[in-house]
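Undergrad: Given the coordinates of chain A, work out where chain B should sit on it, guided by the hints.
Number of protein chains: 2
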Amino acid sequence: MQFFSSDFKLGILGGGQLGKMMLYETRKWDIYTKVMDASPEAPCKIACNEFVEGSLMDFDAVYNFGKDVDVLTIEIENVNLDALEKLEHEGIKVYPPTKTLRTIQNKATQKLFYTDHGIPTSPFTRFAYTSEIEDSIHNGGLDFPFVWKSAQFGYDGQGVKVVRKMEDLENLPNVECIAEKLVDFKNELAVIVARNTKGEVVTYPVVEMEFHPEANQVEYVICPARIDEKVAKKAQEVALKVSEEMKQIGLLAVEMFQTQDDQILVNEVAPRPHNSGHYSIEASYTNQFEQHIRAILGLPLGKTESKVAGIMVNLVGAEGHTGNVVYENMEEILGMDGVTPHIYGKRQTRPFRKMGHVTIVDEDMVKARAMAQKVKETINVVSK
Amino acid sequence: MQFFSSDFKLGILGGGQLGKMMLYETRKWDIYTKVMDASPEAPCKIACNEFVEGSLMDFDAVYNFGKDVDVLTIEIENVNLDALEKLEHEGIKVYPPTKTLRTIQNKATQKLFYTDHGIPTSPFTRFAYTSEIEDSIHNGGLDFPFVWKSAQFGYDGQGVKVVRKMEDLENLPNVECIAEKLVDFKNELAVIVARNTKGEVVTYPVVEMEFHPEANQVEYVICPARIDEKVAKKAQEVALKVSEEMKQIGLLAVEMFQTQDDQILVNEVAPRPHNSGHYSIEASYTNQFEQHIRAILGLPLGKTESKVAGIMVNLVGAEGHTGNVVYENMEEILGMDGVTPHIYGKRQTRPFRKMGHVTIVDEDMVKARAMAQKVKETINVVSK
Numbered sequence: 001m002q003f004f005s006s007d008f009k010l011g012i013l014g015g016g017q018l019g020k021m022m023l024y025e026t027r028k029w030d031i032y033t034k035v036m037d038a039s040p041e042a043p044c045k046i047a048c049n050e051f052v053e054g055s056l057m058d059f060d061a062v063y064n065f066g067k068d069v070d071v072l073t074i075e076i077e078n079v080n081l082d083a084l085e086k087l088e089h090e091g092i093k094v095y096p097p098t099k100t101l102r103t104i105q106n107k108a109t110q111k112l113f114y115t116d117h118g119i120p121t122s123p124f125t126r127f128a129y130t131s132e133i134e135d136s137i138h139n140g141g142l143d144f145p146f147v148w149k150s151a152q153f154g155y156d157g158q159g160v161k162v163v164r165k166m167e168d169l170e171n172l173p174n175v176e177c178i179a180e181k182l183v184d185f186k187n188e189l190a191v192i193v194a195r196n197t198k199g200e201v202v203t204y205p206v207v208e209m210e211f212h213p214e215a216n217q218v219e220y221v222i223c224p225a226r227i228d229e230k231v232a233k234k235a236q237e238v239a240l241k242v243s244e245e246m247k248q249i250g251l252l253a254v255e256m257f258q259t260q261d262d263q264i265l266v267n268e269v270a271p272r273p274h275n276s277g278h279y280s281i282e283a284s285y286t287n288q289f290e291q292h293i294r295a296i297l298g299l300p301l302g303k304t305e306s307k308v309a310g311i312m313v314n315l316v317g318a319e320g321h322t323g324n325v326v327y328e329n330m331e332e333i334l335g336m337d338g339v340t341p342h343i344y345g346k347r348q349t350r351p352f353r354k355m356g357h358v359t360i361v362d363e364d365m366v367k368a369r370a371m372a373q374k375v376k377e378t379i380n381v382v383s384k
Numbered sequence: 001m002q003f004f005s006s007d008f009k010l011g012i013l014g015g016g017q018l019g020k021m022m023l024y025e026t027r028k029w030d031i032y033t034k035v036m037d038a039s040p041e042a043p044c045k046i047a048c049n050e051f052v053e054g055s056l057m058d059f060d061a062v063y064n065f066g067k068d069v070d071v072l073t074i075e076i077e078n079v080n081l082d083a084l085e086k087l088e089h090e091g092i093k094v095y096p097p098t099k100t101l102r103t104i105q106n107k108a109t110q111k112l113f114y115t116d117h118g119i120p121t122s123p124f125t126r127f128a129y130t131s132e133i134e135d136s137i138h139n140g141g142l143d144f145p146f147v148w149k150s151a152q153f154g155y156d157g158q159g160v161k162v163v164r165k166m167e168d169l170e171n172l173p174n175v176e177c178i179a180e181k182l183v184d185f186k187n188e189l190a191v192i193v194a195r196n197t198k199g200e201v202v203t204y205p206v207v208e209m210e211f212h213p214e215a216n217q218v219e220y221v222i223c224p225a226r227i228d229e230k231v232a233k234k235a236q237e238v239a240l241k242v243s244e245e246m247k248q249i250g251l252l253a254v255e256m257f258q259t260q261d262d263q264i265l266v267n268e269v270a271p272r273p274h275n276s277g278h279y280s281i282e283a284s285y286t287n288q289f290e291q292h293i294r295a296i297l298g299l300p301l302g303k304t305e306s307k308v309a310g311i312m313v314n315l316v317g318a319e320g321h322t323g324n325v326v327y328e329n330m331e332e333i334l335g336m337d338g339v340t341p342h343i344y345g346k347r348q349t350r351p352f353r354k355m356g357h358v359t360i361v362d363e364d365m366v367k368a369r370a371m372a373q374k375v376k377e378t379i380n381v382v383s384k
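Residue numbers (full-length UniProt numbering), protein chains in the order written: chain A, 1 to 384; chain B, 1 to 384.
If you are wondering where the hints come from, they were derived from the structure by calculation, not from laboratory data. Do not take every clue at face value.
[Said to hold, decoys possible] With beta-carbon atoms standing in for the labels, derived distance ranges: (1) I137/B / F8/A: 53 to 63 Å; (2) E332/B / D143/A: 36 to 46 Å; (3) R347/A / P213/B: 49 to 59 Å; (4) D337/B / V52/A: 34 to 44 Å.
[Stated by the list, open to error] Here are the simulated lysine-lysine pairs, PhoX-like style, with alpha carbons at most 25 Å apart: (5) K86/A / K9/A; (6) K45/B / K9/A; (7) K9/B / K384/A; (8) K34/A / K45/B; (9) K45/B / K346/A; (10) K9/B / K346/A; (11) K303/A / K198/A; (12) K376/A / K303/B; (13) K367/B / K303/A; (14) K346/B / K34/A.
[Said to hold, decoys possible] Residues on chain A that point at chain B, a partial pick, calculated with CB under 10 Å: (15) F3; (16) N49; (17) P300; (18) M336.
Don't be surprised by glycine CBs; every beta carbon is placed ideally from N, CA and C.
Just chain A, same shape as in the assembly (with noise of 0.2 Å):
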């Protein structure tokens, strides 16, 4: 098949920052898109060729849009995933394949996959309402401190938090939930993984990230993660391991605890483009988006080294300010050498609200790091 300036077309379900990002790659090869998103202030709206307005969740939507696309791939998880599978069994390309999202989408599912193939991860039990834990921790089946996490519909740091003591129960949703083993960590890492149609595999270096302590947001992703070889290598062999158990199509994240005894123990993926991977567009041979669209349509996988070392700062809205945005001293970031934001395009903020990221790169990792958080200390997300 071609897909370069013919009538081919990709549908993308989801038009926000990330479809956004495949667009440009998209645009590059001249690959008809179509895009549905539920706001018509879509950042993706512009720059595909068809845009539909509509909710991921409702499976009319979702079926009607990807009836006459030839490969249909997603931005976002939270999708109506019965649409999916009738649009696969039609004859549909849906990459992801939906059976990978379903394992995906419910985080109990996923955790369950972990421990049935094998890969390592964080102890947990699973509960159908919030109310059933404090009888568990009643009954000793669960100690303080914990992870609590919503099995379904969390992004964002949003559906998590850490339990240390039976008040923060409060005022959680009553939803099927997890609740994992606080890890002791010394690193947070991520590995992407690409793997397209014909079977072909290649992993990204390890990233190393750092969150914000607050707002459970990725400050800072490092390429290549400062770690030791031999970690880096389990990290990318468990990526591997869990790529080729889902049977993904295209890109899956995998983010990972190295703890203190340097094991390596999964924490969750993303079957799509990824925060950790956007250092990618200025650092690597191959950007994760462009990876991303030849894994789904089949054609040979991009050289994943780094030309130069990348760290990604995420500008997120300040505290305490909502409304129309303002990107304080642009300017004085723009005059770092190796500095490039992106601005996802949303007119309003709010605090801790996703509103770009800042690459920077450098031969020299040292002097990176050392601007990335000069980059962090400069810019302000404001509102007017």
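TA: The following block gives chain B in isolation, referenced to the frame of chain A:
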């Protein structure tokens, strides 16, 4: 002024492949764009915020288009300058400035500018009509061989012809033109200079261009040029002088000859992103399109150094093929490391039509050069 996610509006005259690549950058920074092009199928039609169909040479079309933008730029020089001048007088920021465009748009004026400002260029004679050339030859005022160039509206090798004997003059249009001494050169070089509204200036490394012997189109652009450092320094100094004398704002791509005795002669310039800078998307810290945007918005200019060696191969329509385009052996070149095709999105191919380009990057120039050859021998732009 705030440019990012704000009410600021950037106008771009021309919606072809250069505009399309510029739009990746405006999208990255969420800068609102309005584009005009005569073709309803212009590659820029999607990815800009507003698209206007209109002739770039029409006074009213250009004037009406430009009235409500904050900054107006171009992706092609052949635009109505009277309209631009009127807009400039009314306070619209036009970059490149109309005066610079007037100097450049007419090749005779451009050549005179060089001689008037002590910028080295090959000797030439100006003619009001091609028909006057014959007399000049008979009178001994002009010797074979020389290069005939139409003073206006030449691009992609059109409007240029090497004249070696009287018969070569036949069939040339009877227009204002110049006859330029044919330069015996070692290399064709180019340097991109960026100058922002505040007078800050940076230059990119010197690139080396290899032309297709028949089509007079660039076949390979090689960065950095494999030339002596002293010659490279001289080329950058000459390019810088042209940019300063022209008071250019935005990019200026300066094409030059390196003569057998290592003189640098300016051939011609383009006041915008240029084919000779496409390698920068994959190879440079700051690509030429982002740099142009930085310059015309008065933002600090980005680092012009390369991360890796870069070579660009133009993808042009194969001889004997006219019709719906097919890119043969695309998968083969995607299977080579560090190879990135760019498809401009023209549905119809014809012999020597620019359909896209491919960038090859590698740490090792020798390897990159060998791979570029392989890419060129592999891919084929044909019609179905």
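Undergrad: If a hint holds in the structure, say so; if it does not, say that too.
TA: Taking the hints in turn, this is what the structure says about them:
Remark: the range hint 53 to 63 Å for I137/B to F8/A is upheld by a beta-carbon distance near 55 Å. At about 58 Å, the CB distance of E332/B to D143/A disagrees with the hint of 36 to 46 Å. A hinted range of 49 to 59 Å holds for the C-beta pair R347/A and P213/B, which are about 53 Å apart. The given range of 34 to 44 Å is respected by D337/B and V52/A, whose C-beta atoms sit roughly 37 Å from each other.
Note on K86/A and K9/A: the hinted pairing holds, with a Cα-Cα distance of about 19 Å set against a maximum of 25 Å. At roughly 18 Å between alpha-carbon atoms, K45/B and K9/A fall within 25 Å of each other, so this suggested pair holds. Using a Cα cut-off of 25 Å, the hinted pair K9/B and K384/A holds, with the two alpha carbons roughly 19 Å apart. The hinted pair formed by K34/A and K45/B meets the criterion: a straight-line CA distance of about 15 Å does not exceed 25 Å.
With a C-alpha separation of about 22 Å, the suggested pairing of K45/B with K346/A holds against the 25 Å cut-off. Between K9/B and K346/A, the direct Cα distance comes to roughly 16 Å. Compliance with the 25 Å bound is thereby established for this hinted pair. For the proposed pair K303/A and K198/A, the alpha carbon gap of about 17 Å is at most 25 Å, so the pair holds. Between K376/A and K303/B the CA atoms are separated by roughly 20 Å; this keeps the pair inside 25 Å, and the hint holds.
Distance check on the hinted pair: K367/B and K303/A sit about 15 Å apart at the alpha-carbon level, within 25 Å; holds. Note on K346/B and K34/A: the hinted pairing holds, with a Cα-Cα distance of about 19 Å set against a maximum of 25 Å. Annotation: F3/A was flagged as interfacial toward chain B, and the flag holds, the nearest CB pair being 8 Å apart, inside 10 Å. The interface hint given for N49/A is met, as the beta carbon of that residue sits about 6 Å from the closest beta carbon of chain B, less than 10 Å.
Residue-level restraint check for P300/A holds (minimum Cβ-Cβ distance to chain B is 4 Å; threshold 10 Å). At a threshold of 10 Å, the smallest CB-CB gap from M336/A to chain B is about 8 Å, leaving the interface hint in force.
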